[in-house]
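**Student:** Sequence:
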Amino acid sequence: MIQKIFSYLIPIKIFKKRSARSKMIEVTWANGELVLDSENTNYSYGSLQRILRYGLKNIGFKTIQKMNHILVLGVAGGSVIKTLIDEIEFKGKITGVEIDADMIQIANEYFNLSQIKQLEIVIDDAFEFVLKTKSQYDLIIIDVFEDTNMPNFLFERFFSERVFSILKSQGFVLFNTMILDEKHNIRNRKYISEINPKLYSTKMLPRVEQHNELIIIEKVA
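Residue numbering for the sequence shown follows UniProt numbering, starting at 1 and increasing by one per position.
Where hints are given, some of them may not hold.
Only pairs whose alpha carbons sit at most 25 Å apart, straight line, appear in this in silico SDA-like list of lysine to any residue [unchecked claim]: (1) Lys190 / Met204; (2) Lys198 / Glu156; (3) Lys219 / Ile88; (4) Lys183 / Gln170; (5) Lys168 / Asn149; (6) Lys190 / Ile179; (7) Lys57 / Asn176; (8) Lys82 / Lys183; (9) Lys66 / Val220; (10) Lys132 / Glu109; (11) Lys198 / Ile186; (12) Lys198 / Asn149; (13) Lys82 / Glu156; (14) Lys168 / Ile216; (15) Lys132 / Gln170; (16) Lys168 / Gly92; (17) Lys57 / Lys16; (18) Lys198 / Val208; (19) Lys93 / Gln65; (20) Lys16 / Asn149; (21) Lys91 / Val122; (22) Lys168 / Leu131; (23) Lys62 / Pro206; (24) Lys57 / Arg189; (25) Lys82 / Gly60.
Hints listed in this document are in silico derivations from the structure and should not be mistaken for laboratory results.
Throw the hints in and build the complete structure from the sequences for me.
**Tutor:** In structure tokens form, the structure reads like this:
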């Protein structure tokens, strides 16, 4: 495809849509791959896929292969789901929760998300879903953004405790956070300080991209 070849020289935008939830959504050929971006940040594939792959590698691909059910809060174009299936060869169930129906329509059209048989997509608010779900998960990936903003509820103790309550013993949370200023650094440190070290093992990974910090939490008890 000629667009793919030229994208090694210059990014080529092939689709643009205004979304009520995510403002502007763009699909672009960049360095030979399709990426999904919002107005100010990468949403799927590209740098975001590298960030989450790095977090999954830290948990361990072999550990993930043995899991039964993974929850992804914030699907966008589904790059982390593609990593789980194509690279890690995860064979269990994946539940993906995405608030923006426009985003899922684009993910199905450009990234073939609807062809993944083990994936169930739920159009819902991550907060609402976590309150309602009756399932237990081996891995919960939190990747919830509105452009460069992260909703405040993600860092509130009530939400964290609810997330931990639907996590199986020896299960993991992989939390992708954005750091744009010192307030965000303080927010992340406060979030970690409130996690009970007797029940959970917590680590922050060294940053692979300037503005993203990954937090990994393991339920040890």
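**Student:** Each hint: holds or not?
**Tutor:** Now the hints, each set against the structure:
| no. | hint | in the structure |
| --- | --- | --- |
| 1 | Lys190 / Met204 | holds, 13 Å |
| 2 | Lys198 / Glu156 | holds, 20 Å |
| 3 | Lys219 / Ile88 | holds, 22 Å |
| 4 | Lys183 / Gln170 | violated, 31 Å |
| 5 | Lys168 / Asn149 | violated, 29 Å |
| 6 | Lys190 / Ile179 | holds, 14 Å |
| 7 | Lys57 / Asn176 | holds, 14 Å |
| 8 | Lys82 / Lys183 | violated, 33 Å |
| 9 | Lys66 / Val220 | holds, 17 Å |
| 10 | Lys132 / Glu109 | violated, 29 Å |
| 11 | Lys198 / Ile186 | holds, 23 Å |
| 12 | Lys198 / Asn149 | violated, 31 Å |
| 13 | Lys82 / Glu156 | violated, 29 Å |
| 14 | Lys168 / Ile216 | holds, 15 Å |
| 15 | Lys132 / Gln170 | holds, 22 Å |
| 16 | Lys168 / Gly92 | holds, 15 Å |
| 17 | Lys57 / Lys16 | violated, 32 Å |
| 18 | Lys198 / Val208 | violated, 29 Å |
| 19 | Lys93 / Gln65 | holds, 11 Å |
| 20 | Lys16 / Asn149 | holds, 20 Å |
| 21 | Lys91 / Val122 | holds, 19 Å |
| 22 | Lys168 / Leu131 | holds, 16 Å |
| 23 | Lys62 / Pro206 | holds, 22 Å |
| 24 | Lys57 / Arg189 | holds, 23 Å |
| 25 | Lys82 / Gly60 | holds, 16 Å |
The structure is inconsistent with the numbered hints 4, 5, 8, 10, 12, 13, 17 and 18, although it conforms to all the rest.
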